[in-house]
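**Student:** Given only the sequences and the hints, what does the whole structure look like? Please build it.
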Amino acid sequence: MLGSFGGLFAARQLVPGGADGPTPAGLTAIALVVAGLAAGAAAGGASAFAVERAAYRPLRRRGAPPLAYLISAIGASLFAYNLAGKEFGRQSVPVPELFTDGPVLSVGSVAVSTQSALIIGVAAVMLLGVDRLVSSTRFGQAVRAVAQDAQTASLMGVDVEKIITGTFVLGGLLAGAGGFLYAMTFNASYTMGFVPGIKAFTAAVLGGIGNVRGAVLGGLLLGLLESYGGYLLDASYRDVIAFGVLVVILLARPAGILGARAVRAA
Amino acid sequence: MRATVGASRSGAAPAARAGARAATCPCVLGLLAAVVTGPRGDGDHPWRGVERSVLAPRIAVFAVLVALVVGARTPAGRVSLAGLTAAARRRLTPLAPLALVPAGARAGARAPGRAWTARRAGPGAAFVLAALAPLAVSRAGQQSMVNDIGLYALLALGLNVVVGCAGLLDLGYVAFFAIGAYTTAYVTSPTAMPWHAPFTVNPFLAVPFAVAAAALAGVVLGGPTLRLGGDYLAIVTLGFGEIVQLLANNAGGITGGARGVFGVPPLSVSLPGLHYAWGLDPLPYYYLLLGLVTVVMVVFGRLEAAPLGRAWAAVREDEFAAGLTGVRTVRAKLAAFAIGASVSGFAGVLYASKQFFNPDSFSLQASILVLTLVVFGGRGNRWGVLLGVVVLQGLAYALRGIVPPPDRYIYFGAVIVAMMALRPAGLVPAPAGRALPRSGPPVVPAQPGPAVPDPAVTP
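Protein sequence lines, in the order shown, are assigned to chains D and H. Here the first sequence is numbered in my numbering, starting from 1 and rising by one per residue. Here the second sequence is numbered in my numbering, starting from 1 and rising by one per residue.
Simulated from the structure, these hints should not be mistaken for laboratory data. For every residue, glycine included, the Cβ atom is placed at its ideal position computed from N, Cα and C. One thing to keep in mind: the hints can contain errors.
What the hints assert, rightly or not - Some chain D residues well away from chain H (every beta-carbon gap over 12 angstroms; in silico):
no. : residue
1   : I30
2   : L118
3   : S135
4   : G140
5   : T165
6   : L250
As the list claims (entries may be wrong) - DEER-style ranges, computed between Cβ atoms:
no. : chain 1 : residue 1 : chain 2 : residue 2 : range
7   : H       : F320      : D       : V34       : 48 to 56 angstroms
8   : H       : G252      : D       : I30       : 41 to 49 angstroms
9   : D       : I30       : H       : V28       : 30 to 38 angstroms
10  : D       : E161      : H       : N358      : 40 to 48 angstroms
**Tutor:** Structure, rendered in structure tokens:
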């Protein structure tokens, strides 16, 4: 529960990490993308590790109230993205366009650009990977055990601290890779992480926190709502529609779409 | 601690490893400090700033600092440090009476039997200090004391009722501020917004409208959403805040849109024998805000000890148990939402009457800032919240002259992280056991609830 919260809030400031990928030239586009993804993921993972150490672990040691984590994460995020702004400049950094050729796929009047196909493909691979990681590896099992009851998990021999750090790094890796893909489409800037971070949190809650498939469903739903809502009404109202539907869905299903049981915080 | 254990257990290698481990943290912090305070880079030379921070003579300053910190943390260093602090304490003893003011205030708040003077001395001194403070700063400082401290103190005190007293995480709190401000524009001026009331009133008379509108919005938002808990409530309130801001921004035909709202008349009093108008001078606004904050502090202080306040504490500590003991949890939570919203709406009136505002003022960042102020100061403790506002906003103002404006958020963020790591419950934590009344009859139930089971309480 806290992991997802923290991971998502951490994700917010990690996203700029993806910005430093595609500076070298001369390689093929694919190699560049792979390098960029790797660089973004590495930067994201490393900063997630640092954030966990600096902003979460001391609080856990002192048994801080849950809100303190949120504020600490906000502080870390302010620190990180403003430092990034200072070091990398506050102007938006253009990311060179890698795929200038036409659509890779056309169905009727719908054309899918190479870049979109690439983003969808990478996202699908990462999602399947995380789903398998969480559902059927020892690490995933330990993560779920810690999420359910950290104390019991530690009595069963799970190194809780290690698992929490691992979860943060995993979240950072994904967010960093995501940040690279985002920057390919929207360019990179030091504040680029804020809105996606909030949207990611929203999507996770919408789908049901602690549920990988729910998060995917929530993300898809939120994206579709924004796109179609903006199309049907006015583009400036798309967030109104997205958040309005979110409120209605949560009222009908207080634990998210795929959240089976209500999470009782006590 | 780890270092000493490692050293005593066996030979030199583990001791060296433990020493290296103990040195890692200061080294990393030192490097970070060097980069933070170092020269900047830009989009074309992203690593230049880092390089010039680390590969420059100034790194030596930080190296010395790190060495001092590491040295102080070794067993020998610790002993000498303890001696130093003891000596310093001895020398500072004559200054001890200076520390009495907050101590007296705290003792007064805790011990019911204390004399009247002791209980009043702290708040009184704080009031006098707050009243004299603006005379010592520049006009820009006064402006900041109005906009950044006074208004945010009102907002933070209101949010403290929701987050601190009742334990409900509200991420869309600034929406009520917006509702208050737009309501004021609606009823006070025929020109400020395209959409306006058929009548115009003095901004002071807009207060009931704005407070009612904000409280109503609080109930409308709270009514259906309060059965959600934790993160889910946070997201719904966040969504509400976003919707309000987006509507204010997009509905140009009604609110004036992104252009903002101009020309809400300034506050003025016009009674027989008393005419006064608040103009551009920040000082009168400051004293008005000081008065209002004082009123809010007193009222909320009474409220915390009242049945409603104790019902909030019960809901915050364990909602389930509170419900079983007869607290009407939904009603208590709704009341918290409505009261928090009305304070915010009230602050909106003052904000609107300062000539100009636009939807940017009501962003999610503003909500997060208010929440940060509350938690930083110590949620659930209104004195802590007030202190948090003064410290953090004062820090932001003080940094304005020292570092480039956007860079001050680096320091701001670092202070918040350090604060949460050192004092997770905030600057002045709420005393434990607040659920019990601090004066009054010795034994009362958490709510003078029904002795006979009330059919409305539990189905």
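**Student:** Are there hints from earlier that the structure breaks, and if so, what are their numbers?
**Tutor:** 6
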